[in-house]
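K.L.:
Residues per chain are reported as follows:
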Amino acid sequence: MRTPLRDNLADRVTASMERLPQPARGSDRPASRPGLRAPSHVLVSLARGGDEPAFEELMRFHQDRAYLIALRLTGNPHDAQDAVQEAFLNAWRGLPRFRDEADFGTWLTRIVINSCHHQRRRQRPTETFDDTTPVSATPATDLIVEGQQRHRAAQQAISELSLDQRSAFVLHIFAGLTHAEVGRILGISESAAKVRTHRARRAIAATMHEWEES
Amino acid sequence: MTEDNLPCGVPFDEILDQVTDHRPPRDPRHQATCPTCRATLAELGDVWSLIDELAAHPVQAPTHLLHAVMDRIRELSAQPWYAVLTTPQGDTKIAARVVGALARLAAEDVPEVSLALGGGHHSKDQSLAEVAGPSGEAATDVGVSGTHVVVDIDVIADLGTHLPHLADQVRARIHQDIASYTGLTVAEVNVNIVDVLTTERID
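Line by line, the protein sequences are chains A and B.
The opening position of the first sequence corresponds to residue 1 in the working numbering, with each subsequent residue numbered one higher.
The opening position of the second sequence corresponds to residue 1001 in the working numbering, with each subsequent residue numbered one higher.
A few of these clues could be false.
[Claimed, not checked] Only some residues are given here: those of chain B computed to face chain A with a beta carbon under 7 angstroms:
(1) Leu1041
(2) Leu1050
(3) Leu1054
(4) Ala1061
(5) Ile1073
(6) Thr1182
(7) Leu1184
(8) Val1186
[To be verified] Pair by pair, the computed Cβ-Cβ distance ranges are:
(9) A/Phe98 / B/Pro1035: 27 to 37 angstroms
(10) B/Glu1108 / A/Thr106: 52 to 62 angstroms
(11) B/Thr1092 / A/Arg97: 21 to 31 angstroms
(12) B/Pro1024 / A/Arg97: 39 to 49 angstroms
(13) B/Pro1024 / A/Glu190: 19 to 29 angstroms
(14) B/Leu1105 / A/Pro96: 50 to 60 angstroms
(15) A/Glu210 / B/Asp1004: 12 to 22 angstroms
(16) A/Gly50 / B/His1165: 32 to 42 angstroms
(17) A/Pro96 / B/Asp1052: 38 to 48 angstroms
(18) B/Asn1005 / A/Glu213: 21 to 31 angstroms
(19) B/Thr1092 / A/Gly187: 20 to 30 angstroms
(20) A/Phe98 / B/Cys1008: 45 to 55 angstroms
To be clear, the hints were calculated from the coordinates, so they are not data collected in a lab.
For glycine and all other residues, C-beta sits at the position ideal for the given N, C-alpha and C.
Let the sequences and hints guide you as you build the complete structure.
P.N.:
So, in structure tokens, the structure goes:
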């Protein structure tokens, strides 16, 4: 049943593109993005009307970044999966109220961050899990094990940050967003985003320094 | 490690930014000849390499994640105008119009609210089915999905009331009543204050 739905999606995208106004020049809504099989604003418009394949296509495009952000914010893969699932469901529920002029990715990222915060409140204090594939213990794997230990230490240092600092840091360092974009997502000014990221860096540098010395 | 300035006078944060942002030095000539700067740079570079390694580590969403989300959405979409509470003994469906009516009554319990509209209230030219039913999703002010509800409610306030405070009270009351009467989770309450009335106009 899925294939005919996908074919229909292509038809609906074409029909929708004829109806919808084109994004204004200089708009932050690109007409299309690499990896998306239809312009983002068309898929958003279809999904807002309840089109499940259009929503699925949007989520497929955004899921890796959403999961990366959730993984670094929650510190473990189980919580990250729960947070992303909850965020995508909330996005589906909230789409009718989504204002098109805001960038969809910004809006979705904000929902992911909120889900991570809820996840954290619901669950035990953050416990850092390894997010890498386990390797069997042989002498040849020493380097891999050491690498995993370093990853775990770095993730632990991130998990010890306050939620505000962690959100800004993860968005800037791991999602590669500018301070202006981080500010838009977190609802703060660009300079406030810069300050939070900087304080996070100082705290992490101090924690990692202690870890290396120990 | 976190002193404000290094003994040579260069701010510690300047070196930290250089390492974490992979920027060129602000004063390359000084840095090339200053042992303190170079030692701090080496130490921070070593420490920060752990974060750089983590950032370079490829992360992909598990393949089952999107399937699980879409399965849930398809399940929810099958009954969009009912909230569904699932128990081992069976399902309980609560119509959106019931949630809307509870929200309206909860809002009207706040003393400074003269009248609450929508969410089950309907004008004379609308049938109940259009307010909250299969053909009338857009007409209702309550969105339901599984165990979550979103309420948009229009209220008329008494003149002279602090409106943001009133909206908070309405929101809190709706959250409390819907949770206690239905067991549903209120995801969002949007309060629209559409008019103010004086006591004379109310009479």
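K.L.:
What hint numbers does the structure not satisfy?
P.N.:
Violated: hints 1, 6, 7, 8, 9, 10, 14, 19.
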